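Chain A is already provided as a structure; the job is to place chain B on it using the hints.
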Amino acid sequence: KQEVTQIPAALSVPEGENLVLNCSFTDSAIYNLQWFRQDPGKGLTSLLLIQSSQREQTSGRLNASLDKSSGRSTLYIAASQPGDSATYLCAVQGAQKLVFGQGTRLTINP
Amino acid sequence: GAVVSQHPSRVICKSGTSVKIECRSLDFQATTMFWYRQFPKKSLMLMATSNEGSKATYEQGVEKDKFLINHASLTLSTLTVTSAHPEDSSFYICSAREDSYGYTFGSGTRLTVV
Numbered sequence: 005k006q007e008v009t010q011i012p013a014a015l016s017v018p019e020g021e022n023l024v025l026n027c028s029f030t031d032s033a034i035y036n037l038q039w040f041r042q043d044p045g046k047g048l049t050s051l052l053l054i055q056s057s058q059r060e061q062t063s064g065r066l067n068a069s070l071d072k073s074s075g076r077s078t079l080y081i082a083a084s085q086p087g088d089s090a091t092y093l094c095a096v097q098g099a100q101k102l103v104f105g106q107g108t109r110l111t112i113n114p
Numbered sequence: 032g033a034v035v036s037q038h039p040s041r042v043i044c045k046s047g048t049s050v051k052i053e054c055r056s057l058d059f060q061a062t063t064m065f066w067y068r069q070f071p072k073k074s075l076m077l078m079a080t081s082n083e084g085s086k087a088t089y090e091q092g093v094e095k096d097k098f099l100i101n102h103a104s105l106t107l108s109t110l111t112v113t114s115a116h117p118e119d120s121s122f123y124i125c126s127a128r129e130d131s132y133g134y135t136f137g138s139g140t141r142l143t144v145v
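Top to bottom, those sequences are chains A and B. According to the numbering used here, the first sequence is numbered sequentially starting from 5. According to the numbering used here, the second sequence is numbered sequentially starting from 32.
In isolation and in its complexed conformation, chain A is listed as follows (with noise of 0.2 Å):
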């Protein structure tokens, strides 16, 4: 059964600073990996679509990496901003159905 876990899971820093999200999974057979953002009482919004055969996808000020060997993905934030603050999750997309980790509430302060 794939599991997936994020760390840390809240994160406080000041506006500016890079930062770096961990998100990793136990089974390495996936197809995909996907970073969402969620902000308070709203959808997901997707961020980066990582499929299994590539490395890494960026989108302006964000960077997502997949080392599907060793179970582990990143996504580098870059020059953060206030708005940038809500919660951040992955989900891998298995054989049968996407699962999600517990997700990173992201704030940054002015």
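Don't read these hints as lab results, they were simulated from the structure. Watch out, some of these pointers could steer you wrong.
Unchecked claim - Derived list of chain B stretches under chain A, where covered just means 3 residues or more per stretch with a C-beta under 8 Å from a C-beta of chain A:
{"id": "1", "region": "53 to 65"}
{"id": "2", "region": "100 to 107"}
{"id": "3", "region": "126 to 135"}
{"id": "4", "region": "138 to 144"}
On a predicted model such as this, the values are computed, not experimentally measured, just so you know. Where a beta carbon is used, it is the ideal one built from N, C-alpha and C, also for glycine.
Just chain B, lined up with the frame of chain A:
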């Protein structure tokens, strides 16, 4: 591309009544859609997989008769919470998968049963 629209965003209903939530894929066809439930400060819990033209597949512990799913077209799935009770109050989110964009989620529905 790959937009999923969910309606309503909020609904309050009386205990014992039924509530229908709609999930539409706006710019792509979705043979499969997914319904999740999210408790406060928790991650998403998959409730069921909705299959166009056939019966939904429910996760273990999810009551089929309580949560009715209909996926009558390639762009619309509905979740009906029947005979709702206060314990059904929650945040419900649908999603669909598109090959290029992965999973796309609706904006969610906050259900409050009073």
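Here is what the structure says about each hint:
1. 53 to 65: Since three or more residues must qualify, the claim that chain A covers the region 53 to 65 of chain B is violated, with 1 doing so at under 8 Å.
2. 100 to 107: violated (count 0)
3. 126 to 135: holds (count 5)
4. 138 to 144: Our answer is that it holds, as 3 residues pass the Cβ test (under 8 Å) against chain A, meeting three.
In summary, the numbered hints that this structure violates are 1 and 2.
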